[in-house]
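Assemble the whole structure, with the sequences as input and the hints as a guide.
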Amino acid sequence: MTEPLLQIRGLKVHFPIKKGILLDRQVGAVKAVDGVDLDVAKGQTVGLVGESGCGKSTLGRAVLRLTDITEGQVIFDGEDLAQLKGEALRKKRRSMQMVFQDPMASLNPRQSVETILTEPLRAHGIQYDRKNRVQELLKLVGLPGSAANRYPHEFSGGQRQRIGIARAVALEPDLVIADEPVSALDVSIQAQVLNLLEELQERLGLTYLVIAHDLAVVRHVSDQVAVMYLGSIVEQASSDELYAKPLHPYTISLMSAVPVPDPEVEDRRERILLSGDLPSPANPPPGCRFHTRCPYRQEIRCHDERPALRLIEPGHTAACHYAEEILSGAIRPRQADETFAAGPSR
Amino acid sequence: MRPSIPNSDGERMPVEYLDDHPAEATRVRPDRGGETPLLRVDNLSVTFSHHGSKPVFAVDEVSFDVQAGEHVGLVGESGSGKSVTSLAVMGLLPTRGVQVQGSVNFDGRELIGLETSQLRDLRGAEMAMVFQDPMTSLNPVINIERQLTEVLLRHREISKNDARTEAVDLLNKVGIPDPARRVSEYPHQLSGGMRQRVLIAIALACRPRLLIADEPTTALDVTIQAQILELLKELVTTTGTALVMITHDLGIVAGLCDRVHVMYSGRIVESSERRTLFADPRHPYTGGLMASIPRLDQRRGEPLTPIPGSPTDTLPWSQGCAFAPRCPHAQGDCRMETPRLEPLGNRALRCFHPLPPTQTKPRGSS
Chain A
1 MTEPLLQIRG
11 LKVHFPIKKG
21 ILLDRQVGAV
31 KAVDGVDLDV
41 AKGQTVGLVG
51 ESGCGKSTLG
61 RAVLRLTDIT
71 EGQVIFDGED
81 LAQLKGEALR
91 KKRRSMQMVF
101 QDPMASLNPR
111 QSVETILTEP
121 LRAHGIQYDR
131 KNRVQELLKL
141 VGLPGSAANR
151 YPHEFSGGQR
161 QRIGIARAVA
171 LEPDLVIADE
181 PVSALDVSIQ
191 AQVLNLLEEL
201 QERLGLTYLV
211 IAHDLAVVRH
221 VSDQVAVMYL
231 GSIVEQASSD
241 ELYAKPLHPY
251 TISLMSAVPV
261 PDPEVEDRRE
271 RILLSGDLPS
281 PANPPPGCRF
291 HTRCPYRQEI
301 RCHDERPALR
311 LIEPGHTAAC
321 HYAEEILSGA
331 IRPRQADETF
341 AAGPSR
Chain B
347 MRPSIPNSDG
357 ERMPVEYLDD
367 HPAEATRVRP
377 DRGGETPLLR
387 VDNLSVTFSH
397 HGSKPVFAVD
407 EVSFDVQAGE
417 HVGLVGESGS
427 GKSVTSLAVM
437 GLLPTRGVQV
447 QGSVNFDGRE
457 LIGLETSQLR
467 DLRGAEMAMV
477 FQDPMTSLNP
487 VINIERQLTE
497 VLLRHREISK
507 NDARTEAVDL
517 LNKVGIPDPA
527 RRVSEYPHQL
537 SGGMRQRVLI
547 AIALACRPRL
557 LIADEPTTAL
567 DVTIQAQILE
577 LLKELVTTTG
587 TALVMITHDL
597 GIVAGLCDRV
607 HVMYSGRIVE
617 SSERRTLFAD
627 PRHPYTGGLM
637 ASIPRLDQRR
647 GEPLTPIPGS
657 PTDTLPWSQG
667 CAFAPRCPHA
677 QGDCRMETPR
687 LEPLGNRALR
697 CFHPLPPTQT
707 KPRGSS
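Sequence order for the protein chains is A and B. Throughout the first sequence, residue numbering follows this note's numbering, covering 1 to 346 in sequence. Throughout the second sequence, residue numbering follows this note's numbering, covering 347 to 712 in sequence.
These are computed hints drawn from the structure, not numbers from a lab. We treat Cβ as the ideally placed atom computed from N, Cα and C, and that holds for glycine. The hints are all genuine.
Rough simulated footprint, nothing fancy, chain B against chain A, three-plus residues with beta-carbon under 8 Å: (1) 151-165; (2) 185-198; (3) 273-285.
Chain B stretches covered by chain A per the calculated footprint, using a threshold of three residues with CB under 8 Å from any CB of chain A: (4) 570-580; (5) 594-606; (6) 617-630.
So, in structure tokens, the structure goes:
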């Protein structure tokens, strides 16, 4: 395996909950990201999946230091970003860029495409040939040269996302973090943008951290996939391995919930329905964070001991006490008609 | 086997019928053909006009039938006219600047041109709708009980007390734990999935014969989406309610609908029974959609074939095929002449140059 470009160690991002006007005392914290370790190897794509509120976007923003890090290390190219400040951090940001979810909101409606694309170059004081660089970038993302003098509202959603991508690669970064790059787009457009991201990776040697809620999209673009639940990673493996052999009960349920556009598959599938909603990250359940909804939950350990992410098979980690038993089939999911009362109290 | 539905805690509970006439409640699905359909939409068109600009055809020449108890899917991207179709069927479109033509026949009654008061007698009682966004479809300042009993008090001769009991009962049926407490809460106290369950309860309160669900799970997470779809499926199957599912997600349709209509730019371009449609799409748009969606059961590295252009690059249907500018199979006549929706075997297709039957085998079938 190639050396990691980005190493995240024990990353925690907590947002304080405050009460009172004068004293402003802290009464708790929303543990958006609560102890994450993740490696992103050079030239690879790592996908981060999870449902809304699991902390995946906060993790992406924390890597770029767009939110403050409470604890932990983000080592990028040998340097700990968590310790950087001011000018040093600003310089470092040149090599890490972000593509945002909503192409309507992430482009300034009053700036022409040319201004949008050259702003990062100006901000970092890079000498460039104005006309040529803009044309080059537009060509790179498959937009016509005439786009340079137009404004964001003149473009469709897919084209706008292309402009957002052109802006992200304008500085020739090493790492691009794409936060839900296709979820705001129409289905027929999503594939265009996914293919563009892949093409750019090949041509520019980019490393991606792709954050998405759509498992199928993540599986399609990623080499490695990490599944997040309530602020921590519960499983990580290569894309094909994870799909072929999901170990964590959450991953298993998530996969069984994704509809597949094929009646033959849909009719044969056995759905594992998860109970209830995501618990609040301000007050996460004790023990395994997933035990309140887990269909494989056992009487012991699950509700009082938080499982660590451990290596179950080569290149495949999972944070479940019973991953081996689930893999071997010794533990079966609770049958649908079995009563809930059989499990320990919620 | 007794049917059962999962509640939001994953517990399965037996389905009780939504009223006291189980025999009537378990209508069997009649054979397609012979009998008159429950809903017949015929040549429906909706035009939006704004003074000073040309009128826009949002829906055009849309015809489809829904048999009693049948599950029908309307699939399309944003702007394809699927939602406007459903609003036109329910008579929920504004009158100013909107022209609705054609016929919507519900159980022998023509709905287009019907008095609002008569439509109101039908809506909620005979036909109901579940909307996309559970956050905005409930009134935030009125508690769940009043929103639920409103429909019961409007359509049934029932006392307030009985309505309350029934509201609690309904919440129980859609799998909301502790319904007696929840019923007096306000929408903001419920999660997105719960709110969608409440909306389903309201829609099914009077046991309508037709339920239109407009993107009911788009605003929800996948695991919650699975819960809601399962609930909807089991409720409509056990009560014999006909379902029109409007969605952009082919995956949802694949597991739920008997018959699927694919819409593009306001018109139906392909209609077929779901297995036929997915195994052998013939319209280049249908085929293109299927080839462009990443599938979970597909290995990494299999390239996606996107549909070029964007849904806004359309040709007006009056001139030719709206999909022609994006269609890899388009030829000269596609831009000159308007293709008609014509029967082809057991499907209907609007295309001069359909995909050959063997070319598009479903991908990822490994």
